[in-house]
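Heads up, the sequence shown is in my numbering, so the first residue is 15 and it goes up one at a time.
Some clues are possibly wrong.
What the hints assert, rightly or not - Cβ pair distances, simulated, as ranges:
1. T21 / D43: 42 to 50 Å
2. P41 / G16: 30 to 38 Å
3. C20 / A42: 38 to 46 Å
4. G16 / R40: 41 to 49 Å
5. D43 / G16: 27 to 35 Å
6. G16 / A42: 47 to 55 Å
7. G16 / P37: 43 to 51 Å
8. D43 / T22: 44 to 52 Å
9. S17 / D43: 31 to 39 Å
10. D43 / A18: 28 to 36 Å
None of these hints come from the bench; they were simulated from the model. Even for Gly, the Cβ is constructed at its ideal location relative to N, Cα and C.
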Amino acid sequence: MGSAYCTTEAVFIYVAVDPKSKPLPRPADKSHFELDPQA
15 MGSAYCTTEA VFIYVAVDPK SKPLPRPADK SHFELDPQA
């Protein structure tokens with residue numbers, strides 16, 4: 015029999031919305047969106 019492989023990749027995009035369900039602009043400072051390599 016052959017080998018079984020399972021791979022998964024995902025991209026999540028979170029959008030903040032106002033009370034009227036309209037998307038809010040993303041902040042100019044995107045540093046808080048970066049992953050911490052120390053974590």
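Can the suggested window of 28 to 36 Å be confirmed for the beta-carbon pair D43 and A18?
Given range 28 to 36 Å: violated, Cβ gap about 44 Å.
Using the beta carbons of C20 and A42, state whether their distance is inside 38 to 46 Å or not.
holds, 39 Å
Is it true that the C-beta distance of P41 to G16 lies inside 30 to 38 Å, as the hint says?
Violated, since P41 and G16 (Cβ atoms, about 48 Å apart) do not stay within the stated range.
S17 and D43, beta-carbon distance inside 31 to 39 Å?
Taking Cβ atoms as reference, S17 and D43 lie about 46 Å apart, which means the hint is violated.
Per the hint of 42 to 50 Å, is the separation of the Cβ atoms of T21 and D43 within bounds?
violated, 34 Å
Beta-carbon spacing of D43 to T22 - inside the hinted bounds 44 to 52 Å or not
Because 31 Å falls outside the window, the suggested range is violated.
Hint says 27 to 35 Å; check whether the CB-CB distance for D43 and G16 agrees.
Since the Cβ atoms of D43 and G16 sit about 49 Å apart, the hinted range of 27 to 35 Å is violated.
At the C-beta level, are G16 and P37 separated by a distance inside 43 to 51 Å?
holds, 46 Å
Regarding G16 and A42, is the given constraint of 47 to 55 Å on their beta-carbon distance met?
At roughly 50 Å between Cβ atoms, A42 and G16 fall inside 47 to 55 Å, so the hint holds.
If I claimed the Cβ atoms of G16 and R40 lie 41 to 49 Å apart, would that claim hold in this structure?
Cβ of G16 to Cβ of R40: about 45 Å, so the range 41 to 49 Å holds.
Consistency with the previously given hints fails for numbers 1, 2, 5, 8, 9 and 10, ordered from lowest to highest.
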